[in-house]
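Enquirer: Sequence:
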Amino acid sequence: MRVLGLTGSIGMGKSWAAAELRRMRIPVHDSDAVVHALLGPGGAAVAPVAAAFPGSVRDGAVDRAALGRLVFGDAAALRRLEAIVHPLVRAAEAAFRRRQRRRRARLVALDVPLLFETGGERRCHRVAVVSCPAFLQAERVLKRPGMTMERLRAIRAKQMPDAEKRRRADFVVATGLGRAFALRALKRAVRLTRDSAGR
39 MRVLGLTGSI GMGKSWAAAE LRRMRIPVHD SDAVVHALLG PGGAAVAPVA
89 AAFPGSVRDG AVDRAALGRL VFGDAAALRR LEAIVHPLVR AAEAAFRRRQ
139 RRRRARLVAL DVPLLFETGG ERRCHRVAVV SCPAFLQAER VLKRPGMTME
189 RLRAIRAKQM PDAEKRRRAD FVVATGLGRA FALRALKRAV RLTRDSAGR
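For what it's worth, our numbering labels the leading residue of the sequence shown as 39, then goes sequentially.
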């Protein structure tokens, strides 16, 4: 079973790319969705987060805004949070991979926003990064409710620069040149990953 890593900074078009992969009938593991479930009602991360960050849980779920206020700008607090969440996310990914192996999937995709930042590329045969120019990224992101340029700058500061992601990736899916162009690049990444050997 081949594994294609899918990554890209906020507003680059990664959600669109993941949806296109699903349309191609490629199983996609969405790490963001896993995190939402872990922090949601009954999620496996709720109790340990509540213990580590008092006041961050309301009605049986992690209040993401309250948690954000507790960890924003505090590197030690962020590391504590990551030490709780990351192992649970990796366990969910491992379970996804086992399920897909049993189903004899030829190719799966791991949709991970911080793939390079967390060393996730080592779990992939190939990596596709979704990218667009910074002005277009800002235009897309600033349309989201509650998003400001200050918040976008803070998010960018936590993520590896787009140029470095493009340099490290096997494939670049440029979403700033229209969907047809981006879809061709994505299909090429799928074909070459599925047919590749090694690594």
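No lab work stands behind these hints, which were simulated from the structure alone. Note that CB positions come from ideal geometry on N, CA and C, so glycine has one too. Hints should not be assumed to be uniformly reliable.
Listed next, with one range per pair, are the computed distances between beta-carbon atoms [claimed, not checked]:
#1 Ala99 / Pro125: 14 to 24 Å
#2 Ala201 / Ala133: 26 to 36 Å
#3 Glu188 / Pro86: 26 to 36 Å
#4 Asp70 / Ala113: 18 to 28 Å
Enquirer: Is the distance from the Cβ of Ala99 to the Cβ of Pro125 consistent with 14 to 24 Å?
Expert: Since Ala99 and Pro125 have Cβ atoms about 20 Å apart, the given range 14 to 24 Å holds.
Enquirer: Taking 18 to 28 Å as the hint, is the beta-carbon distance of Asp70 and Ala113 inside that range?
Expert: With Cβ atoms ~22 Å apart, the hint holds.
Enquirer: Ala201 and Ala133, beta-carbon distance inside 26 to 36 Å?
Expert: Holds: the Cβ-Cβ distance is about 34 Å, inside 26 to 36 Å.
Enquirer: Holds or violated: 26 to 36 Å for the Cβ distance of Glu188 and Pro86?
Expert: holds, 30 Å
In terms of the numbered hints stated before, the structure departs from none.
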